[in-house]
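K.L.:
The residues making up each chain are set out below.
Protein chains: 6
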Amino acid sequence: MAKRLFEYQNGDEMKLPVLIKSADVRVAKNGKKFIAFILQDTSGHLPAKLWDASDDAIAQFKAGEVVQLSGKRELYHDNPQIKIYGIRLATQEEGNQPQQFLERAPEAPATMQEEINDFVFDIVNPNWNRIVRRLLAEHKDAFFSYPAAKSNHHASGGGLAFHTLSILRLAKSVGQQYSGINMPLLYAGAILHDMGKTIELSGAMSTEYTVAGNLIGHIVLIDEEIIKAAQELKIDPQQEDMLMLRHVVLAHHGLLEYGSPVRPQMVEADILHQLDELDASINMMLTATQHADPGTFTQQLFGMDGRRFYRPESLQHYSGAGNGSANKHG
Amino acid sequence: MAKRLFEYQNGDEMKLPVLIKSADVRVAKNGKKFIAFILQDTSGHLPAKLWDASDDAIAQFKAGEVVQLSGKRELYHDNPQIKIYGIRLATQEEGNQPQQFLERAPEAPATMQEEINDFVFDIVNPNWNRIVRRLLAEHKDAFFSYPAAKSNHHASGGGLAFHTLSILRLAKSVGQQYSGINMPLLYAGAILHDMGKTIELSGAMSTEYTVAGNLIGHIVLIDEEIIKAAQELKIDPQQEDMLMLRHVVLAHHGLLEYGSPVRPQMVEADILHQLDELDASINMMLTATQHADPGTFTQQLFGMDGRRFYRPESLQHYSGAGNGSANKHG
Amino acid sequence: MAKRLFEYQNGDEMKLPVLIKSADVRVAKNGKKFIAFILQDTSGHLPAKLWDASDDAIAQFKAGEVVQLSGKRELYHDNPQIKIYGIRLATQEEGNQPQQFLERAPEAPATMQEEINDFVFDIVNPNWNRIVRRLLAEHKDAFFSYPAAKSNHHASGGGLAFHTLSILRLAKSVGQQYSGINMPLLYAGAILHDMGKTIELSGAMSTEYTVAGNLIGHIVLIDEEIIKAAQELKIDPQQEDMLMLRHVVLAHHGLLEYGSPVRPQMVEADILHQLDELDASINMMLTATQHADPGTFTQQLFGMDGRRFYRPESLQHYSGAGNGSANKHG
Amino acid sequence: MAKRLFEYQNGDEMKLPVLIKSADVRVAKNGKKFIAFILQDTSGHLPAKLWDASDDAIAQFKAGEVVQLSGKRELYHDNPQIKIYGIRLATQEEGNQPQQFLERAPEAPATMQEEINDFVFDIVNPNWNRIVRRLLAEHKDAFFSYPAAKSNHHASGGGLAFHTLSILRLAKSVGQQYSGINMPLLYAGAILHDMGKTIELSGAMSTEYTVAGNLIGHIVLIDEEIIKAAQELKIDPQQEDMLMLRHVVLAHHGLLEYGSPVRPQMVEADILHQLDELDASINMMLTATQHADPGTFTQQLFGMDGRRFYRPESLQHYSGAGNGSANKHG
Amino acid sequence: MAKRLFEYQNGDEMKLPVLIKSADVRVAKNGKKFIAFILQDTSGHLPAKLWDASDDAIAQFKAGEVVQLSGKRELYHDNPQIKIYGIRLATQEEGNQPQQFLERAPEAPATMQEEINDFVFDIVNPNWNRIVRRLLAEHKDAFFSYPAAKSNHHASGGGLAFHTLSILRLAKSVGQQYSGINMPLLYAGAILHDMGKTIELSGAMSTEYTVAGNLIGHIVLIDEEIIKAAQELKIDPQQEDMLMLRHVVLAHHGLLEYGSPVRPQMVEADILHQLDELDASINMMLTATQHADPGTFTQQLFGMDGRRFYRPESLQHYSGAGNGSANKHG
Amino acid sequence: MAKRLFEYQNGDEMKLPVLIKSADVRVAKNGKKFIAFILQDTSGHLPAKLWDASDDAIAQFKAGEVVQLSGKRELYHDNPQIKIYGIRLATQEEGNQPQQFLERAPEAPATMQEEINDFVFDIVNPNWNRIVRRLLAEHKDAFFSYPAAKSNHHASGGGLAFHTLSILRLAKSVGQQYSGINMPLLYAGAILHDMGKTIELSGAMSTEYTVAGNLIGHIVLIDEEIIKAAQELKIDPQQEDMLMLRHVVLAHHGLLEYGSPVRPQMVEADILHQLDELDASINMMLTATQHADPGTFTQQLFGMDGRRFYRPESLQHYSGAGNGSANKHG
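Which chain is which? The protein sequence lines are A, G, R, E, Y and F, in order.
The numbering of the first sequence is the UniProt record's numbering, which starts it at 1 and goes up by one.
The numbering of the second sequence is the UniProt record's numbering, which starts it at 1 and goes up by one.
The numbering of the third sequence is the UniProt record's numbering, which starts it at 1 and goes up by one.
The numbering of the fourth sequence is the UniProt record's numbering, which starts it at 1 and goes up by one.
The numbering of the fifth sequence is the UniProt record's numbering, which starts it at 1 and goes up by one.
The numbering of the sixth sequence is the UniProt record's numbering, which starts it at 1 and goes up by one.
Source of the hints: derived by calculation from the structure; they are not laboratory data.
Please note that a few of the clues may not be correct.
Note that identical chains are pooled: a pair holds if it fits in a single copy or bridges any two copies.
Said to hold, decoys possible - When the alpha-carbon atoms are kept at most 25 Å apart in a straight line, the in silico BS3-like pairs for lysine-lysine are as follows:
#, residue 1, residue 2
1, Lys49, Lys228
2, Lys172, Lys234
3, Lys62, Lys172
4, Lys49, Lys140
5, Lys172, Lys15
6, Lys49, Lys3
7, Lys72, Lys150
8, Lys33, Lys49
9, Lys228, Lys3
10, Lys83, Lys234
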């Protein structure tokens with residue numbers, strides 16, 4: 001069976017099927033066209049360029065197609081990329097189903113759904129419980145297949161649900177350590193906080209912002225969903241518990257300049273905001289350092305203010321490393 | 001008939017009925033209590049302090065009461081205030097109806113309503129027209145009696161409608177000068193943009209922020225009203241024209257740090273934002289300079305970044321001054 | 001007669017005379033030289049590249065020359081550009097007069113001058129009136145032929161006067177709506193506010209910053225002009241009305257960080273600042289959205305904080321659009 | 001037995017012994033002196049003023065003294081304070097030992113020490129382990145008795161150790177959820193991160209900044225302690241594991257503008273920074289909301305950007321509240 | 001002969017004549033008026049309050065009057081102030097000439113003028129030389145008697161000239177160390193840079209901002225003086241050397257947000273800006289630390305971003321202190 | 001003898017030996033590799049590109065090698081670069097010693113060392129004196145051969161010592177002008193302030209940041225050196241004079257956001273910070289303007305906020321230019 005994309009090292013000759021994640025046609029400084037590809041399989045994604053691309057090639061090799069690739073893994077400005085030797089569309093017999101090449105969150109949708117349902121069970125306020133159940137049901141397919149963001153963190157299929165679940169787990173730990181936190185509110189807010197991304201983004205493949213995403217944004221879009229669900233369930237969106245739930249969701253970006261129309265003014269709103277950042281940043285940092293060589297710094301992480309992170313040379317220091325299995329990154 | 005509050009000069013002995021706008025009980029540095037009043041009638045409002053206030057006085061002189069006042073107008077740190085000689089509750093015979101003492105916008109609700117209806121007539125998109133009509137009808141009483149803000153600009157009764165109308169008039173001028181602006185969208189956005197203040201604020205008297213105002217904010221509150229109205233009118237809040245209307249309203253604060261969840265990304269959204277600021281700032285600057293003496297600067301205006309504005313000494317330069325009658329400030 | 005630059009669509013073969021607005025010689029990554037042109041006629045301007053440029057071509061094709069061009073309109077990174085098939089200098093018979101290819105403001109200099117003179121008539125303060133008349137006369141040629149900026153807004157020939165006139169018209173509307181504004185001061189300030197650009201910029205073609213523009217800036221340069229004119233007219237630049245006029249002009253960028261040495265501290269100074277921004281931004285937004293396809297966003301506008309603006313898909317919403325004829329953009 | 005300070009309600013007459021936490025002599029606006037006290041016992045602290053203070057009273061009632069107080073709890077600007085009826089020094093028989101009146105962290109030093117030692121046990125890198133053990137031993141008394149800050153969060157006796165322990169517990173949860181985190185590094189960094197406060201601050205009572213605290217700051221002060229300990233233990237502070245430990249400690253304020261000389265550039269450094277903020281903010285928010293009345297907002301919290309936090313009216317929503325016992329606030 | 005203000009220690013009984021620098025009438029919280037004085041003589045200035053001030057006292061004790069004072073020096077919030085026992089206007093016999101009580105720069109006007117003239121001699125460019133001579137002559141009286149600022153640094157009489165001279169001395173040192181600096185330009189810019197303060201400020205006593213100071217600011221005011229002088233001397237303000245001189249003066253605040261309309265874009269402009277800050281800050285820091293007790297920090301210095309500066313306990317470290325005599329502060 | 005790099009003009013054919021300062025292999029847009037060189041000799045450094053580089057060329061031409069070069073000096077985007085005709089490794093006979101091609105500070109290490117020792121002699125506090133002597137001795141080789149920064153200012157060999165010496169000279173001038181400055185402290189701080197760069201940077205050639213440089217930074221690294229030296233000399237790093245010295249060094253970046261863990265809170269700390277900036281900026285500005293043509297602006301200087309500096313056309317104005325010989329830039 002063919003090796004996957006990230007099972008090749010720098011300098012290796014490669015031969016494998018991959019999915020075209022994006023294909024950007026550009027004009028080189030010599031006036032000829034080339035295609036800048038991002039190619040992916042379940043192990044990750046890498047860039048590659050097809051020089052002197054014919055009109056025929058441009059027509060064939062589009063985002064969403066599965067191709068048979070031969071080439072070589074090289075370094076360009078310290079970043080790995082693929083030098084293409086040959087490329088052609090995969091045949092039906094070879095298995096050209098794009099879905100099978102998508103990067104995926106480390107846990108399966110069904111498993112995640114089950115664990116999230118356990119958290120829903122702990123939302124004892126009946127209004128919150130009904131709202132959450134209804135919206136989970138309504139957006140189920142997108143919620144368990146979308147990424148949590150176009151790039152940056154949890155950008156894989158199912159990343160949205162996985163990011164949500166990770167926050168719920170962190171929230172549970174916090175609730176066990178501090179008394180006085182309204183856990184049903186924190187759980188309900190965590191489950192809903194990014195669900196508006198199912199409307200803001202176009203889908204699991206070739207993800208783009210929708211017009212609604214650009215003009216309204218996922219924060220107000222989920223508020224809209226809550227209001228509509230409440231209307232249908234005959235719950236007044238202006239009663240105190242509904243204002244609380246909406247506030248926790250609206251405030252989760254923490255600062256006005258990050259797009260929240262109000263700053264956190266409830267204990268649970270501020271905690272949700274912090275746990276959201278904690279999980280997203282841990283995801284970005286661990287992913288990046290795992291790809292760095294020992295004794296070097298990662299590339300600049302744009303989701304972390306452009307900082308670079310150090311991977312120590314002497315790995316034996318990791319002997320007591322965290323052994324959490326939930327978020328293990330294969 | 002009694003002179004009104006602003007018809008007395010510094011040093012004048014005063015005797016007149018006024019409304020207690022606010023009454024704040026404090027402890028002086030000698031350990032005794034006093035009441036810090038803001039007193040008002042239709043000509044404006046001024047501070048006054050009642051020293052050595054008895055428990056009885058504290059119980060009687062509360063915000064919303066009409067009182068008979070005798071005292072003297074003095075300057076304190078360059079600001080006028082009233083030195084109280086005597087104060088007692090007004091009797092029914094003397095006319096103790098708080099409503100009659102509120103500062104009011106320069107135009108009557110009925111007149112404003114009529115002119116706003118003319119603008120509604122020009123909203124030719126049927127969805128926007130129906131939404132605007134429904135919300136104007138639903139919030140009519142508050143919309144034509146509330147101030148536009150707790151303090152700063154248009155803080156008088158009816159100020160919300162008057163500020164809205166002033167923006168509509170400016171918008172009309174702009175529409176006559178530039179072609180290519182979607183005027184129905186701009187008018188609909190202008191009418192709705194601050195209507196959420198009818199939910200954010202507690203009322204025309206003793207105005208405070210409500211819990212919904214603090215936790216959700218007037219920008220998302222009017223978005224909620226639009227969504228609910230659309231639901232009831234069987235209009236999909238996700239269709240393009242509805243996204244456009246909601247965007248124009250959501251973006252009207254211009255910057256994320258001023259509380260808009262999205263920045264203006266449509267021509268009409270940016271124009272509405274600028275006209276909103278233009279009208280509010282003209283209102284603040286003209287009000288302040290009219291109270292300043294020729295050849296001096298006003299107090300610092302907090303709604304204008306703390307700037308002070310100069311009123312020229314040589315008034316004859318005003319001979320060609322703008323003669324707009326609409327917004328004349330008595 | 002030949003079609004103009006913007007009368008061709010993407011994919012069209014083109015053949016027309018154009019003016020070289022700028023010609024930047026660069027070295028491609030294969031070591032060969034090419035020329036990056038901006039080509040223009042009265043309909044607008046577009047980029048084009050001439051690959052493998054000979055020394056002869058570099059010597060001939062300079063900014064300010066009229067050329068006969070054949071090529072094709074293409075898209076590059078979503079932006080239109082011209083693929084050059086052939087290019088040669090235009091002969092005298094073909095009409096190689098650069099002036100005839102400049103983009104121009106939508107109104108003729110003579111018409112604009114007449115309308116501006118009407119505004120000057122309303123400047124009843126004799127000192128302001130004399131200063132304005134003298135400086136208008138002294139800088140007349142440049143004032144009616146220069147652009148208002150190197151790029152961004154009103155970058156066409158005559159753009160400076162047209163931008164000034166647009167502000168005057170907005171100012172007039174504002175003066176009709178609000179009483180208490182010193183209209184002569186506002187008109188005088190509006191006419192002079194950007195006149196220093198006739199010294200800051202090098203001219204209507206191949207516009208660059210002058211040394212005085214870089215070291216002093218147009219705001220202080222027009223203050224210098226006012227002082228010199230006052231000296232010659234025996235008006236003391238320190239008397240109150242002159243301080244007022246100079247303040248309104250000096251403060252028109254609104255914020256110190258935008259280059260004004262003082263913030264607006266008079267009502268008219270702040271209004272001029274706001275109307276200046278309003279006209280410039282409407283010009284940028286309308287120009288950009290008119291070039292965007294329905295249902296898409298414009299390119300990032302650098303004069304608008306890098307925002308992109310949405311042009312709606314369903315154009316019928318424009319049925320009630322502003323019908324201002326003054327600033328119609330062909 | 002006497003009720004404690006926070007066992008009285010507004011309006012209650014009080015009679016109890018308290019410790020003077022601070023005593024600030026001021027001159028009232030009538031020219032007479034008064035003492036502004038902060039009085040405390042183990043239940044918390046409240047302000048009180050002694051008017052017309054004699055020189056004798058000023059000499060007697062100093063910070064650190066235990067006094068017998070009679071008075072009444074009142075509200076002043078919505079904040080509780082004590083109106084003093086009588087005050088005198090406590091006699092030896094009445095028990096005038098200041099230590100017994102200090103607010104204390106919710107867990108005893110011995111208990112905390114034991115749990116922290118368990119964490120030290122998990123620091124398997126021998127250099128980190130030895131450094132941590134040595135510094136814990138050296139600063140033991142101060143570490144388990146000092147507050148974590150002069151005011152803001154964990155300002156009680158033992159607050160420094162308790163804040164440290166809370167972070168360790170959060171770190172442990174995070175380590176169980178994510179794999180790839182260097183837990184020994186995170187634990188070592190957490191234990192040392194604020195230990196420099198034992199040098200920066202003057203002590204558990206009447207806490208002030210020392211000269212070293214002002215000129216060097218607790219971040220570099222603990223780096224100094226690490227270097228000196230390493231010297232004595234013959235460990236090179238420049239070897240990689242020592243650079244890692246020092247980095248995690250130096251970077252824990254997260255941003256340069258908050259006083260860290262470097263930003264977090266290791267996974268563990270960033271996590272420590274986030275958990276530090278999470279614990280401090282939860283402590284501040286829960287303390288404040290527990291003192292607020294249902295349906296109201298807290299005072300502005302200066303450690304939380306001046307935000308006010310809402311305590312909901314309908315308390316039954318808390319039925320599922322977090323039941324963590326560790327950080328329960330009596 | 002009477003001791004001067006700063007020759008008394010805390011707790012000393014005082015009896016001396018002083019000048020009233022400012023006298024602010026306020027109302028105490030018991031409703032009675034008091035006067036908040038700043039009293040000064042050549043040794044410095046201190047606050048004092050006169051309680052229960054009669055109308056007669058308010059009428060007599062105004063800024064600019066010399067009074068005979070008896071009282072006591074006390075500490076209030078760590079700041080020294082005077083408790084007034086008795087106060088009366090000084091008689092003619094006692095010497096009531098305000099000029100004799102003003103704080104003064106450490107060098108005499110005539111001495112400073114002579115040294116500045118030496119620098120003028122080194123301005124070999126004839127245009128700069130003539131402009132500088134003319135403006136020095138024209139503003140001579142104010143230039144050698146005004147303070148450099150209302151408060152902050154060099155706020156004493158003659159401070160403007162002394163600050164200018166200090167910068168010239170620093171500039172000379174810099175010119176001796178680095179080659180390639182245009183020293184005539186740097187000297188000319190230094191002499192003129194703050195001369196606009198003679199128009200911006202009202203005078204040496206009871207210093208306030210003038211209307212021209214508020215509306216135009218001292219930076220553009222000196223540019224105006226340069227232009228007018230050039231006109232009269234038949235020098236074109238637009239020729240290169242004049243643009244250079246004006247640029248150096250206009251840019252001396254360094255940043256746009258500090259009021260310069262252009263940032264320094266010449267070597268000499270940037271150096272002048274830095275030396276201006278260096279001299280002003282050294283003046284503020286040395287003045288403040290000399291008033292602090294050994295082993296303590298100064299009050300917050302508002303001209304230094306609110307920082308407090310440490311005066312070491314062990315003074316013997318100063319044995320090698322700078323022995324510059326020029327700027328010695330008595 | 002061969003001309004040096006900067007002795008050729010634009011358009012000149014060149015033939016000379018140079019050192020490869022850096023060699024960056026990239027892929028051109030036509031898919032072929034090229035090497036982007038920075039070539040240097042003692043006169044300065046210039047970029048050059050080798051197109052279509054063979055694997056053999058890539059292997060040979062690495063940073064640190066001396067090569068024989070033939071080519072032509074050209075302009076690219078207004079910046080000079082070299083067009084390569086031929087390149088080969090220099091032979092031993094031709095003199096291929098990299099050290100002889102490094103740019104060097106304008107004064108020799110031995111001369112600088114002597115003058116710095118004179119300053120050490122004036123550090124009369126024995127503790128500071130011993131610490132400074134010890135660290136100067138310990139880091140002598142690196143201190144007199146390293147640059148002061150990777151790029152920006154004083155980036156030449158020996159630049160670190162030369163920058164230090166320049167600050168000492170400025171400090172001496174300041175000490176002669178103002179009394180009350182602790183000169184031994186200022187001298188000690190100046191000598192040590194950037195000495196941590198000998199640990200932060202990798203060396204005089206191919207300068208990079210070390211791991212310690214990235215994770216700890218040169219400010220805390222020199223604090224570490226001071227602590228270790230003090231330990232060995234039996235001086236307590238917590239005694240007042242040591243806190244003072246460490247403070248002056250730690251605070252020398254002036255602002256927290258520039259990496260100082262504390263802001264300057266002593267007179268000498270603030271002066272050191274200002275002189276550090278003054279010397280660095282004069283170095284950058286003079287170097288840049290000397291390379292600009294008369295009547296033009298320099299390239300943007302990234303160390304000066306991206307500003308460009310003007311070199312006047314009329315050079316005769318320099319007749320009175322500073323004749324400092326110390327920092328003359330050949």
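K.L.:
Each hint: holds or not?
P.N.:
Results of checking the hints against the structure:
Taking the shortest Cα distances, lysine 49 and lysine 228 never come within 25 Å of each other, neither inside one copy (46 Å) nor across copies (50 Å). Proximity of lysine 172 to lysine 234 under the C-alpha cut-off of 25 Å is found in neither arrangement, the shortest distances being 30 Å within a copy and 41 Å between copies. Taking the shortest Cα distances, lysine 62 and lysine 172 never come within 25 Å of each other, neither inside one copy (44 Å) nor across copies (46 Å). Taking the closest pair of Cα atoms, lysine 49 and lysine 140 never come within 25 Å of each other, the shortest separation being 37 Å inside a single copy and 50 Å across copies.
Taking the closest pair of Cα atoms, lysine 172 and lysine 15 never come within 25 Å of each other, the shortest separation being 45 Å inside a single copy and 43 Å across copies. When the C-alpha separation of lysine 49 and lysine 3 is checked against a cutoff of 25 Å, the pair qualifies only within one copy, where the shortest distance is 21 Å, while the shortest distance between copies is 38 Å. In this assembly of identical chains, the alpha carbons of lysine 72 and lysine 150 never lie at most 25 Å apart, being 27 Å within a copy and 35 Å across copies at closest. In the homo-oligomer, the alpha carbons of lysine 33 and lysine 49 lie at most 25 Å apart both inside one protomer (11 Å) and across protomers (14 Å), since each shortest distance falls under that limit.
Taking the shortest Cα distances, lysine 228 and lysine 3 never come within 25 Å of each other, neither inside one copy (48 Å) nor across copies (52 Å). In this assembly of identical chains, the alpha carbons of lysine 83 and lysine 234 never lie at most 25 Å apart, being 60 Å within a copy and 51 Å across copies at closest.
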